Amino acid sequence: MLTIKCPWCGDRDLTEFAAGGEGHIARPLEPATQSDAEWGDYIYTRKNTKGIHYERWMHAQGCRRWFNAVRDTVSDEFLAFYKTGEPAPKVEGDGS
Amino acid sequence: MSQSYRLESGGKIDRAKPLSFTFNGKSYGGYQGDTLASALIANGVKLVGRSFKYHRPRGFLSAGSDEPNAVVQLEEGAYTDPNTRATVVELYDGLKAASQNCWPSVNHDVGEINSLFARFLPAGFYYKTFMWPPKLWMWYEERIRHAAGMGVSPMESDPDKYENLYTHCDVLIAGGGPAGLAAALTAGRTGARVIIADEQDQMGGALLSSHDEIDGKPAMVWVEETLAELATMPEVRILPRTTVTGYYDYNWLTALEKVTDHKGPGNGGDSVRQRFWKIRAKQVVLATGAIERPLVFAENDRPGIMMASAVRTYINRYGVLPGKEILVFANNDSGYLTAIDAIKAGARVYVADVRANPQGDLVKQAEALGVKIYRNTAITGTRGRKAVTGAEVMELNEDGTDVVGSHYSIDCDIIAMAGGWNPTVHLFSQSRGKLRWDEAATMFVPKEGVAINPSRSVGCCNGTMNLGAVLAEGLGAGVRAARDAGFGDGSAPEAPTATIVAEEPVRAMWEVPCHGHKKKFHEFQNDSTSADLQLATREGMLSVEHTKRYTTTGMGTDQGKTSNVTGLGIMAAAQNRGIPAVGTTTFRPPYTPQAFGAITGQNRRELFEQNRTTSMQPWHESHGAVFEDVGDWKRPWYFPKPGESMHDAVQRECKATRDGVGIMDASTLGKIDIQGPDSLQLLEMLYTNAWAKLGIGRCRYGVMLNEHGMIFDDGVTTRLGENHFHMTTTTGGAARVMGWLEEWLQTEWPDMQVYCTSVTEQWAVATISGPRARALLSELTDIDLDVDSLPFMGMTEGNVAGVPARVYRISFTGEVAFEINVPQAHGLHLWETLMALGEKYDICPYGTETMHVLRAEKGFIIVGQDTDGTCTPMDVGMDWIVSKKKEDFLGKRSFSRSDNIKGNRKELVGLLTEDPKIVLPEGAHIAAETDPKPAMGKYTKAAGHVTSSYMTPNITGPDGEGRSIALAVLRNGQSRHGETITVPLMDGRMVKALVTEPIFFDKEGERTRG
Ligand SMILES: [Zn+2]
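Protein chains in written order, with our numbering: chain A, 1 to 96; chain B, 10001 to 11010.
Just chain A, with the same shape it has in the complex:
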């Protein structure tokens, strides 16, 4: 079972968290001006990365805060945790 470090609470078991999928997908500021393709990208298209993945988690059974993590989807190793709104850290091996 993964250990996840909530930026607010520290190391906790995976079972306390809810996964929120790929991170850094901003809601378009003016949806009405979006083409179907652009809007479709926003609601559907995800990278499905093999390797370094920037993703969202929420400490559901704890402080209920959303935050971001960088995880290697092959090894399941977490490389970084950071608060929502903070810039994504650059990690070694990030091919994106």
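These are calculated hints, taken from the structure and not from any lab test. Since the structure is predicted, the reported quantities are computational estimates derived from the model, not experimental observations. Where is the CB? At the ideal position from N, CA and C, for every residue including glycine. There may be inaccurate statements among the hints.
To be verified - Computed footprint of chain B on chain A; a stretch qualifies when at least three of its residues, placed anywhere within it, have a C-beta under 8 Å from a C-beta of chain B:
| hint | stretch |
| --- | --- |
| 1 | 1 to 9 |
| 2 | 37 to 45 |
| 3 | 48 to 57 |
| 4 | 87 to 94 |
To be verified - Here are the simulated lysine-lysine pairs, DSS-like style, with alpha carbons at most 30 Å apart:
| hint | chain 1 | residue 1 | chain 2 | residue 2 |
| --- | --- | --- | --- | --- |
| 5 | A | K83 | B | K10634 |
| 6 | A | K50 | B | K10434 |
| 7 | A | K50 | B | K10447 |
| 8 | B | K10282 | A | K5 |
| 9 | B | K10892 | B | K10634 |
| 10 | A | K47 | B | K10892 |
We have chain A already, so just place chain B with the ligand on it with the hints.
The following block gives chain B with the ligand in isolation, referenced to the frame of chain A:
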């Protein structure tokens, strides 16, 4: 009492404590410290059970958890435990065990006839024989399961208690043999928190069965001294009878502790029977030892053919000499340890060694003691039906691929196989560690682990077999693991000296040659032979995973602990490639079987899942409510009167509410208190309609969409103040909606100043509904209920039944209705007061079923029942709730996506069956076209399905009585009102129904507003 195979002295059993037990109904004696296996062997019992496929007689192969053969049904009734390995069952007084997989008895087994048809039961026989016709597969499978059945499950509830226990430690050590104890010692000395677990009842591992010496003293003295020192360390926990069963990510391991199994059923007192540990360890030391592997020779499965190390364990640990004439069959020196101990214990001993000319220290010692050694020799067949009585041996040719010359016959009652050792790499593999094939040692050893699961393998599980090196490795791993967990500097003490013997190399011989077609088993429990593996190869199974499934190799309760590597060796030879190229199957948890009871632990019955109940629950229970689960809530479903069926009760409740006044417990509705200067802005984004003009004290219905434009919840929100709202959600969606609000506020709109608080459980809610609701409520409140003062969709505060209340005039029934909210603690008082005063109004309590019927009469949707995540507000006929003026709200942009505007959408409609007495099943499909006699293979498309369907007394059919109504989603349904559609039912009936608008009662809504 005859324990004719028990030695006069020796062993770690307590001869002062004799025990009696029964096996297959017959009484036997043993001693405290015995296992069921050692006690049976002491009594000369060799035949224990029957094999899975051929029902061949089988005995004991091992002395530990790797046992594939001697699986028994332990105890009876509620306490019965199937597939228990006799080799790990600690004997207790009164133990009852029986053979399994045999009928009528182990000595006379009808299924043995399978053995005669063996050539019709080749590898893959399930797949080849029972493929077709598909209908018969069920029949076949039932027969196979019966014939091949292992033990029998208990039919009663498990009377024992179990628990889960969570803990953290710095260093977890799996295995309490010399390597594990050494690691515990040095890790413990640093002050680190250490857990050491071992599956046996006492620590020592292989040393319990050996004559090794450490620092010139018996090795068990070192074990005792080590345990004594560990006992002084407050941070060290020693867990005997505890198997580390699973190794998961981030060093999260599970372990099963058998706390009172050894005392026998019902003798555990207040203790739990088993404890399931969930351990998060900063560092792990794996000291899991090694498992001896059998030799795959002709007819190697007769009772009495055992592992050499097991024979040694029975002699040294249990004081049992399993046979009088013992033939050791070896391909390495370790078999000679058995020969030496056996001849010293008084047996006549022979060794057949496949090596050309073994001359190691142990070989010479054995020879000097009088052991007769046949070098360059193979066993080519065995004798004896229910127990081995002899073997035939022949000389090997130079490359070991054939036997030559004439054969000798050797009389023996035990054959001890010493086929080399497999490091127990199961846990390491579970941790996703990679293995390396050591060709010289013929074993898989740990190569490298993964970063997230820091572990060290030490001792035999690391391929280190020499005791001195084992101790050094353990001592070193202990300090380094502690250091990496933050304790000590990692410097290890000098290792003690230990017995050293010069050993010669093993000679790998994965399949021992013989003349003629004789069965050579490499996997005993599933009767998998070398010929099966070779057949699998010939039929194209090259992947080890395919072969495993085709031959069922390694799929028994022992998970192929003994058979795995020999099987790979035979496959490699058949495929003409090396063992590393064949690869290994995946080791999966659990290492040994674990009972569901232990995994479940205390999470049974009321502790399995929480039951949420409202403050009015005591009244519901005492008035006979039948409950249904809604999320975690128990909600009254209906309130039957004596003798009433559900149908009767619901029809009565439906009518009483429309005619007079009904009362429902609505406390479970989700409630969220929303405050802050940006509350309104948040609502405008969450809901499709406009909120700015909602006055204080006014309520408004809203639907929430996801960004795909689909409905995911609905409810009424009330403005309590300029910047203060009270939102309600569906009962099941409360947590989801709360999470939705939090997510948007935190991740997209962090600048909005809004505070959301779940207040679901702060308010108890009684809803009274019906033409007499106002009259009833007016008797117990100071609130002016006049329609001008408290109009439909209004809210006011005041006192009801003497307690402060918020009264909302909202209605889910279509009647004049009041949702009376009081602080949770007053809920029961409110309900009881309403019921008492309501008596003269014939007040009728109703449950969720009646609520569903009444709202369906009005065509009010239930999100998740009438919608399914593909429904827009327009699809359910709620165009009116979508603001045309708002520039943006969640989901809006998706309305104009091509897929949503292309038409042909499923839309909500009403259905009235031609026969008013037929209640369509919910979920029934509506056929697009119907053909009374469709050709085979011609299918008609579904045009939609029934989402809600009820019988109601409030809508009358042609006969003046109640009739059925239904809601459905139907392609282009909104333009098909008046058409007749067909609903084919499972029983073959084709039910015709009229499509209507989705409302059946008081279409103008006059009753609601009155
Ligand atoms: Zn947290």
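Verification of the hints:
no.: 1; hint: 1 to 9; result: holds (count 3)
no.: 2; hint: 37 to 45; result: holds (count 4)
no.: 3; hint: 48 to 57; result: violated (count 1)
no.: 4; hint: 87 to 94; result: violated (count 0)
no.: 5; hint: A:K83 / B:K10634; result: 38 Å, violated
no.: 6; hint: A:K50 / B:K10434; result: 20 Å, holds
no.: 7; hint: A:K50 / B:K10447; result: 24 Å, holds
no.: 8; hint: B:K10282 / A:K5; result: 15 Å, holds
no.: 9; hint: B:K10892 / B:K10634; result: 36 Å, violated
no.: 10; hint: A:K47 / B:K10892; result: 25 Å, holds
Figure legend: structure checked against the earlier numbered hints; hints not met, in rising order: 3, 4, 5 and 9.
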